[in-house]
Amino acid sequence: MLEVLLYQGVWAVWAHRVAHRLHRWGIPLFPQMVSQVARLFTGVEIHPGARVGRRWFIDHGAGVVIGQTARTGDDLTMYPQVTLGSRGCPADSTAAERHPIVSDRVVLGVGATLLGPIRVDGDVHVGAHCLVTSDVPAGQRLRAPTDHHPVSPRRSAPRVQPSQGVSMIYTNVTERGLTALSRRTTATCRPGMMRAPRCRMVPGMSVDVQRCLRP
1 MLEVLLYQGV WAVWAHRVAH RLHRWGIPLF PQMVSQVARL FTGVEIHPGA RVGRRWFIDH
61 GAGVVIGQTA RTGDDLTMYP QVTLGSRGCP ADSTAAERHP IVSDRVVLGV GATLLGPIRV
121 DGDVHVGAHC LVTSDVPAGQ RLRAPTDHHP VSPRRSAPRV QPSQGVSMIY TNVTERGLTA
181 LSRRTTATCR PGMMRAPRCR MVPGMSVDVQ RCLRP
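Position one of the sequence shown corresponds to residue 1 (the working numbering), numbered consecutively onward.
Bear in mind the hints are in silico, worked out from the structure with no lab data behind them.
Every residue gets a Cβ at the ideal spot worked out from N, C-alpha and C, and that includes glycine.
There could be a bad hint or two in this list.
Okay, the calculated beta carbon distance ranges per label pair [unchecked claim]:
(1) W25 to R143: 38 to 48 angstroms
(2) G88 to F30: 21 to 31 angstroms
(3) P117 to L6: 34 to 44 angstroms
(4) R54 to E3: 37 to 47 angstroms
(5) P137 to D74: 27 to 37 angstroms
(6) Q140 to D59: 19 to 29 angstroms
(7) G122 to R143: 26 to 36 angstroms
(8) G85 to Q140: 13 to 23 angstroms
(9) L2 to R119: 31 to 41 angstroms
(10) H60 to A144: 16 to 26 angstroms
Starting from the given sequences, assemble the full structure and let the hints guide the process.
Below you can see the structure in the form of C-alpha cells.
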C-alpha cells in the first residue's frame, strides 16, 4: 500500500487538488507556482483551472498535459503522453471552452491526443496514439490506424571468395617481381659475357636475358 505513495501520478493529482482550490479562491500566482513545481517533480502539467473528477488515476504520468478549460469525470485512467489540449486561442480565451470534456470511466491510452471543445462520453477506450478532434459516443473503442509498408530486400555486393583474392594478389606480386628482375638482369648482362653472376634462369624471363646467359 505504501508503494502507491511513490507513484508520480499520485503526487500530480494531489498537487492539482491544491492548485485548483487556490485557483477557485482567486489567489493569484500561487496556483501556477504549485502547478509548475508539480510539473518539475512529476512530469505532469495540469493547469490549475482544469476540473477533474474523483478516483482519477495517472499511470506513469510522464508527458501528460491538461489544459485550462478541460473537464473530466470520475474513474478516469490516463497513460503517459496524454494531451487534453486546444486547437487555438480565441479572442475571449477566459470564457470560451477550448479543451475537451471527458465523461466517466474513460481510458486514455499512451500518446492519446484530444484537441478542441469536444465531448467524450462514458465508457470510451481511446487507444494508443489516437488523435481525436470530434465527439465520441459512449461505449466506443478507438484505435489508431496502422500502415504496413513492405521493405524491399537490400542488394548485397558480390562477395569475393578468399581463394580468389589470394590468387589475384599472388599473380600481381609475381608479375611485378618478374618485371623488376628482368629489367635488373638486362642492365647487368652485356654482350660477350659467358655467364653473368647475377643472371638466373627464371621461367617467363625476357629473350634478351636468356641470350646473355648462353655460354
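Consistency of the hints with the structure:
For W25 paired with R143, a C-beta distance near 42 angstroms keeps the hint of 38 to 48 angstroms intact. Distance hint for G88 and F30: a CB-CB separation of about 28 angstroms, consistent with the stated range 21 to 31 angstroms. Between P117 and L6, the C-beta spacing of about 36 angstroms keeps the proposed range 34 to 44 angstroms intact. Here the CB-CB span from R54 to E3 is close to 22 angstroms, at odds with the stated 37 to 47 angstroms.
For the pair P137 and D74, the supplied restraint of 27 to 37 angstroms is violated, since their beta-carbon distance comes to about 19 angstroms. Take Q140 and D59: their Cβ atoms lie about 21 angstroms apart, and the range 19 to 29 angstroms holds. Roughly 19 angstroms separates the CB atoms of G122 and R143, a value that falls outside the hinted 26 to 36 angstroms. Taking the beta carbon of each, G85 and Q140 are about 20 angstroms apart, inside 13 to 23 angstroms as hinted.
The given range of 31 to 41 angstroms is respected by L2 and R119, whose C-beta atoms sit roughly 38 angstroms from each other. Hint check: H60 to A144, Cβ distance near 19 angstroms, so the stated range 16 to 26 angstroms holds.
Figure legend: structure checked against the earlier numbered hints; hints not met, in rising order: 4, 5, 7.
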